[in-house]
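Got chain A; can you put chain C on it based on the hints?
Protein chains: 2
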Amino acid sequence: MINACICTIGDEILIGQVVDTNSSRLAVALEEAGLHVSRMLSIGDDKKDIRETLRRELRHHAIVITTGGLGPTKDDITKGVLARLSGSTGYVEHAGQLKVIRQILASRGLDMLPSNQAQALVPDKAEVIVNKLGTAPIMVFRNLPGGGTLYALPGVPHEAVGAIPDLLEDIRRHQPLGHILHRSVMVYGLAESALAARIAPWEDALPEGMHLAYLPNPLTGVRLRLSVYGCDPEEGEARIQKELEGLQSILGDLIYSLEDSTLEETLGGIFKAHGLTVSAAESCTGGEIAHLFTSVPGSSAYFLGSVTSYAIPVKEKVLGVPGNIIEENGVVSSEVAAAMAEGVRRLTGSDYSVATTGLAGPSGDEHNPVGTVWVGVAGPHGTKTARFQFKNDRKRNIERFSASALDFLRTFVLADLNN
Amino acid sequence: MINACICTIGDEILIGQVVDTNSSRLAVALEEAGLHVSRMLSIGDDKKDIRETLRRELRHHAIVITTGGLGPTKDDITKGVLARLSGSTGYVEHAGQLKVIRQILASRGLDMLPSNQAQALVPDKAEVIVNKLGTAPIMVFRNLPGGGTLYALPGVPHEAVGAIPDLLEDIRRHQPLGHILHRSVMVYGLAESALAARIAPWEDALPEGMHLAYLPNPLTGVRLRLSVYGCDPEEGEARIQKELEGLQSILGDLIYSLEDSTLEETLGGIFKAHGLTVSAAESCTGGEIAHLFTSVPGSSAYFLGSVTSYAIPVKEKVLGVPGNIIEENGVVSSEVAAAMAEGVRRLTGSDYSVATTGLAGPSGDEHNPVGTVWVGVAGPHGTKTARFQFKNDRKRNIERFSASALDFLRTFVLADLNN
Chain A
91 MINACICTIG DEILIGQVVD TNSSRLAVAL EEAGLHVSRM LSIGDDKKDI RETLRRELRH
151 HAIVITTGGL GPTKDDITKG VLARLSGSTG YVEHAGQLKV IRQILASRGL DMLPSNQAQA
211 LVPDKAEVIV NKLGTAPIMV FRNLPGGGTL YALPGVPHEA VGAIPDLLED IRRHQPLGHI
271 LHRSVMVYGL AESALAARIA PWEDALPEGM HLAYLPNPLT GVRLRLSVYG CDPEEGEARI
331 QKELEGLQSI LGDLIYSLED STLEETLGGI FKAHGLTVSA AESCTGGEIA HLFTSVPGSS
391 AYFLGSVTSY AIPVKEKVLG VPGNIIEENG VVSSEVAAAM AEGVRRLTGS DYSVATTGLA
451 GPSGDEHNPV GTVWVGVAGP HGTKTARFQF KNDRKRNIER FSASALDFLR TFVLADLNN
Chain C
91 MINACICTIG DEILIGQVVD TNSSRLAVAL EEAGLHVSRM LSIGDDKKDI RETLRRELRH
151 HAIVITTGGL GPTKDDITKG VLARLSGSTG YVEHAGQLKV IRQILASRGL DMLPSNQAQA
211 LVPDKAEVIV NKLGTAPIMV FRNLPGGGTL YALPGVPHEA VGAIPDLLED IRRHQPLGHI
271 LHRSVMVYGL AESALAARIA PWEDALPEGM HLAYLPNPLT GVRLRLSVYG CDPEEGEARI
331 QKELEGLQSI LGDLIYSLED STLEETLGGI FKAHGLTVSA AESCTGGEIA HLFTSVPGSS
391 AYFLGSVTSY AIPVKEKVLG VPGNIIEENG VVSSEVAAAM AEGVRRLTGS DYSVATTGLA
451 GPSGDEHNPV GTVWVGVAGP HGTKTARFQF KNDRKRNIER FSASALDFLR TFVLADLNN
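Chains A and C, in that order, give the protein sequences. First residue of the first sequence? That's 91 in this note's numbering, and the numbers climb one at a time after it. First residue of the second sequence? That's 91 in this note's numbering, and the numbers climb one at a time after it.
Chain A extracted, bound-state conformation:
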């Protein structure tokens, strides 16, 4: 498999001012094309470091892709390093890129400055892919010391991402690419370690060339990623399918998606497919469940609304939770979770509803430790509640409470649909 390195150039990433999203967008595209990204790195606007880093990475990678360091103020550094590295003897003006520069400036009503015109200059050993979205040309240097190819992309995210199709086309034209297949399996309700123990025999029996990774996240549970390297696409698909069936027979309903979906996307798919609607009543999760539902495009088709009842009078007055239920059982209780779910279902007229009442932190109350949540779900065939216990990190608890509530609702709705 062909090894690639992605190298981001610019001080703004090293001081944490900007999160590097270019690298992950590039990595997804490269992996899907069958390259293996074995290294990403970020270095500063330092000539010596850029030169030495690129030299070294070109010894270990057939393809090195840089992003950044090509702006009108900084391009002397990176472009100069690339000129030297490629053995260029001078610079040439690229007519195609100059035309784009002129168009961009004209569309903004700006005059061409010397620094703008200089962006069309490239080292004479560079091949140019015209950057239609910005002023800095995409440069390709082949047969560099070590034998590799270097692609220099602009750092502005939409320009870097916009360059990906041309980049891949150029790579494919020059390199025979192996095939990689990835499949994600989304699992909720088991911690990473418990999941690993449960599927250990299956994992140990995975055939040669197949690799499993665990990607835990409080909002989505554990994402298992199964990869097959270097085989025929159809054969790889069949091999993955066979292993997936084995995994499904072990995990059953703990698997909520065989695509790269979140819990809220999966639930949304179920509601949409069956023409069902949903609402939420939130106490401790404080709007996070509604936020998750509505972060899915098209959620207005099934999500009717929610009530965040932080204060007890709002629970009573808006959701109609009887005051004596709160007094007798405490506000963090199965009874209150059930009444909240039933209340918001009545209020919005939704088919299903989900409710949370708990203690996200920083402290517990006289009845329950911090990290306790009661989840209630209500539907046309009744109401159900469950208690979950987490730790004492407020932000994390809000996420875990919400995800547990969504997953509890998922199994509740699926049970109805399967009956």
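I should point out that these hints are in silico values taken from the structure, not numbers from a laboratory. Since this is a predicted model, take the numbers as computed values, not measurements. Treat the hints with care, since some could be wrong.
A pair counts as met if it fits within one copy or between any two copies, since identical chains are not told apart.
As the list claims (entries may be wrong) - Derived EDC-like pairs: lysine to aspartate or glutamate, alpha-carbon spacing no greater than 20 Å straight-line:
(1) Lys137 to Glu298
(2) Lys137 to Glu183
(3) Lys362 to Asp441
(4) Lys481 to Glu249
(5) Lys332 to Asp294
(6) Lys485 to Glu249
(7) Lys485 to Asp350
(8) Lys215 to Glu298
(9) Lys222 to Glu489
(10) Lys222 to Asp483
(11) Lys189 to Asp483
(12) Lys222 to Asp256
(13) Lys215 to Glu325
(14) Lys485 to Glu293
(15) Lys215 to Asp260
Here is chain C on its own, set in the frame of chain A:
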């Protein structure tokens, strides 16, 4: 200045499945402590690559910080590499971390598996900083080949970020760091470039040794960070104070905090200080405003609750928005935003309220383009609305809509308090 390298270990970043946010969070903290992050890199779960990379980076950096590669499952091999690199002759069980592991499992009602217990094992040359937020211990290896120190942090973001204070404390105890003073100025309502243009004369006149950084974020606006390097703490404080006064006279109310506070924390402080309460009615922001309010510990003192009225009948029935107002003005309108704000204020009995109605995307409607939001605020002295226009990124719009609504509410409440 001491050079540091941040190295992320794990295939999930290299295939682009996860965007690395740990590195930028660490970089901000390290820079603020006076270290210079000169390199970030991401490598895969490959024993040889981890070993060779760490060896090389330790030759060039006094401090290397790794994140990731320490989970209980099989794709995590970092610990073995660190054992060899440090010349450890075996593993020892760390009682403090084992206790945390036991507590975490017990709090989730889980049994201790061999893979859990193994997480408490550390190479005998490692010093341990107990990870209170997760099962993998934070390991410190000193005097590695090259003379440097390596800190191995867990990869789970909240654990990595949670480890930062202990990490900095340890670094400070072992390395003489130059004195740096930072002050944050939180600004909302101006894009980074517009802000830069507005304060350019002030910025250009900053004295030697003082540095300004722009840290933009859709939920908090632009955080300006003013830093003074290498001077006496008291003198530095006085010098920063003088410059801050100049900045305040330029920006006025656009500055919402002179501490490192978010909009929701700043608002919470105002409500608490004046014994006021607040509620929210959300359409397009779908629970995000409630989520922001309730993410602040102690928010139950002033946040009474909210209604997410995604469906029109919920706007009418729960919030009491008259149907003819929606028909006449469209659902995304000043009138509906005002009626929603007044409705939820009436419903919850809060002193103030904030409401949003808009189009987060993916598409607009017949009256408004995607990215339009109307914000309504209501209080004891009346109601006010404002329209904001953003672009067409749904997730980003939900954040920008929410932040704009909070900031509009802030200026509304402040105007009342100043009258």
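Tell me the hint numbers this structure goes against, listed in increasing order.
2, 8, 13 and 14
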